[in-house]
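Number of protein chains: 2
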Amino acid sequence: MSIKPSILDQKVVADTAIFRVESQKLKFSNGVERTYERLVPKGKHAGAVMIVAINDDNEVMLIREYSAGTESYELSLPKGLVEHGETIFDAANRELKEEIGFGAENIEFLTEMTVSPGYMSYRLQVVIATGLYPERLEGDEPEPIEVVPTDMNLAIEYANGNEITEARAVAALYMTRELFRNRGDSDQEESFF
Amino acid sequence: MSIKPSILDQKVVADTAIFRVESQKLKFSNGVERTYERLVPKGKHAGAVMIVAINDDNEVMLIREYSAGTESYELSLPKGLVEHGETIFDAANRELKEEIGFGAENIEFLTEMTVSPGYMSYRLQVVIATGLYPERLEGDEPEPIEVVPTDMNLAIEYANGNEITEARAVAALYMTRELFRNRGDSDQEESFF
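As they're listed, the protein sequences go chains A and B. So in this note's numbering, the last spot in the first sequence is 266, and the numbers never skip. So in this note's numbering, the last spot in the second sequence is 266, and the numbers never skip.
Quick caveat, the hints were computed from the structure, so don't treat them as lab data.
Where chains are identical, the list cannot tell them apart; a pair therefore holds if satisfied intra-copy or between any two copies.
No more than 30 Å apart at the CA atoms, straight line, and that leaves these computed lysine-lysine pairs for DSSO-like:
#1 LYS84 x LYS117
#2 LYS100 x LYS115
#3 LYS115 x LYS98
#4 LYS170 x LYS77
#5 LYS98 x LYS170
#6 LYS170 x LYS100
#7 LYS84 x LYS100
#8 LYS170 x LYS117
#9 LYS117 x LYS98
With these hints in hand, go ahead and build the complete structure from the sequences.
Rendered as structure tokens:
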């Protein structure tokens, strides 16, 4: 494996309401020096979690909400920050209650992803939630989120087309289908294959 | 479909060497007002492209390089910015020559992805490159990039494990395998199934 560059200098070069930009001057093992900028976490939250929630009809619970970055309504998976003191499973259950109006009896870890490892320290945990039961918690959304229960194969079609564009959601949907296929879960088999 | 919020105000709140943060005050159709921050493009480049390059042995060309965001060496797919005047296909071919030392006879569009639609306007084009031939262009990398030709099913295993974490690459690998499976390409069938 390669030898990591050493950090010659680092400083915060911008700090806004939600973004903190750090500049790092690095020296690579071959002697080359470079300065990079990267986004680092602000605040006290303990990461983020995305949830593939599957209802008793073997549909995945997609949501459609306004995305300020792309200035468009986007179809994706529920997600949110892990608050201080919460496990990722607590956070996933809370976010589900806030965003889709359901809690989950079973939540299992699927994977950890990075979003832009060259430029962001950010890592996202992805979980699968099953055994959904109705329960709503008040969220902080500016308008109601549209919940779209969707057959998994149709969700994959959405991911291959233009309906779902968020890379994390595309990856999580494919990985969930793969997991259930490999597991050969008889309940889910019919819908997922 | 939902009615988009109207923009009451927007301004740049930070502008560093590579990041520009914009603040937008929005009024949703139900009257609720919120202020969001988002990353918007800097400079004159025309987007970005990620490349799933497949060699004549039906291996996908993974690369391992230092990622300043996560402070780690990450295994992922080649990618880069589209320069002014380039098509995404020009850019993909140039990046391949710089990053893996191969050009491609055939480059086809796979998908467009967003990375974090809530917080970034950024969109990424993903292409599949085949018909690789040796040709190297000088890139701007601080140290040589390790090129790791990898069987597609093994690459998917890497994506399901900890070896490949970048969501865009995970999604692109799954989508490419799905495309070749659906196409039933007899040349690639043996390796990809």
